[in-house]
Amino acid sequence: MPAMLTPENSMTAPCPSSLPASPLSWPEQRLTLKSQLEELALVWPWVEAIAARYSVSAETQFAIQLCLEEALSNIIRHGYQGQANQSISIACTVECAAAGVEREDAGEIVFTVEDHAPPFDPLAASGDVPTPAPVTFDDFPPGNQGIRLMRKFSNRLSWQQLPDGNRLILGFDLRRS
Amino acid sequence: MAGGITRVALDGRMDIAGAAVVDLRMNLIAGSARKLLIDLKKVDFLGSMGLRSIVIPARAVKSRGGKVVLFAPNEMVESVLKTSGIDSLLPVCHDLDAAIAELG
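Line by line, the protein sequences are chains A and B.
The working numbering numbers the first residue of the first sequence as 1 and each following residue consecutively.
The working numbering numbers the first residue of the second sequence as 1 and each following residue consecutively.
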């Protein structure tokens, strides 16, 4: 499937600068990928289009792309273990705060990643205890960085087991500029 | 560069695809360099696979008694470096003279 916004999302007003009178959820946008690393190339233009539409800052866009790359590559390499024709779906929803509400954030952009791989809770696997800084390169296994990066760069990270797979939810704050 | 320093300038996105492009050349360079300056000034994205493309050659150079410096990452790329903890193993410099001094 090509990376594109679904046609029903024809909203032109960017979320943070054009706040509605009451809290509002924008329609969901969805991308479906095959379980191949090459498919990740479809994610970046999809995220860029969403970021442009909702005036997402460059820093938040970096964080979104980083977390999605880590989550999706983990699913492809470890969840599906090299099976190339499985599917992964990514849904994006944007929720804006009500206009006039005295708070710094302007809402949240949430990415929900679902797969049909065997159950695996990445948050439980990585634990909650911060890993100490490495002293030697032997303390630095590059393969263990994904969860650490997702924890740092997302504002909300949770996992749910589905009847036939996994759901990972990544939330990012939309801040007023 | 003077002083036996090898400068490798990376450019673009160091994501999975970008890492695959530079891995072989990085490892070849690391096979002979003793003072390696990895210039990240033009890197606008760094993920864990891109990080791996930096760490593995850096480890090879340091295992032979060489030195490696990471130079001029942008703010978000530096945040990835710090989150990973690699900055405790490899100095991160924003000033070229300071980077050269680290390699001296």
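Incorrect hints may have been included.
[To be verified] Derived DSS-like pairs: lysine-lysine, alpha-carbon spacing no greater than 27 Å straight-line:
1) A/Lys152 to B/Lys35
2) B/Lys62 to B/Lys41
3) A/Lys34 to B/Lys62
4) A/Lys34 to B/Lys42
5) B/Lys67 to B/Lys41
6) B/Lys35 to B/Lys62
7) B/Lys82 to B/Lys35
8) B/Lys42 to B/Lys62
9) B/Lys62 to B/Lys82
Quick caveat, the hints were computed from the structure, so don't treat them as lab data.
On a predicted model such as this, the values are computed, not experimentally measured, just so you know.
So, going through the hints one by one against the coordinates:
1. A/Lys152 to B/Lys35: Given pair A/Lys152, B/Lys35 is violated - Cα atoms ~32 Å apart, limit 27 Å.
2. B/Lys62 to B/Lys41: 22 Å, holds
3. A/Lys34 to B/Lys62: It is violated: about 39 Å lies between the C-alpha atoms, which goes past 27 Å.
4. A/Lys34 to B/Lys42: Violated, because 31 Å separates the two Cα atoms, which is more than 27 Å.
5. B/Lys67 to B/Lys41: Holds, at about 19 Å.
6. B/Lys35 to B/Lys62: 9 Å, holds
7. B/Lys82 to B/Lys35: Measuring from Cα to Cα gives roughly 22 Å; hence the hint holds.
8. B/Lys42 to B/Lys62: Satisfied, since the Cα-Cα distance of roughly 24 Å is no more than 27 Å.
9. B/Lys62 to B/Lys82: At roughly 19 Å apart (the allowed maximum being 27 Å), B/Lys82 and B/Lys62 satisfy the hint.
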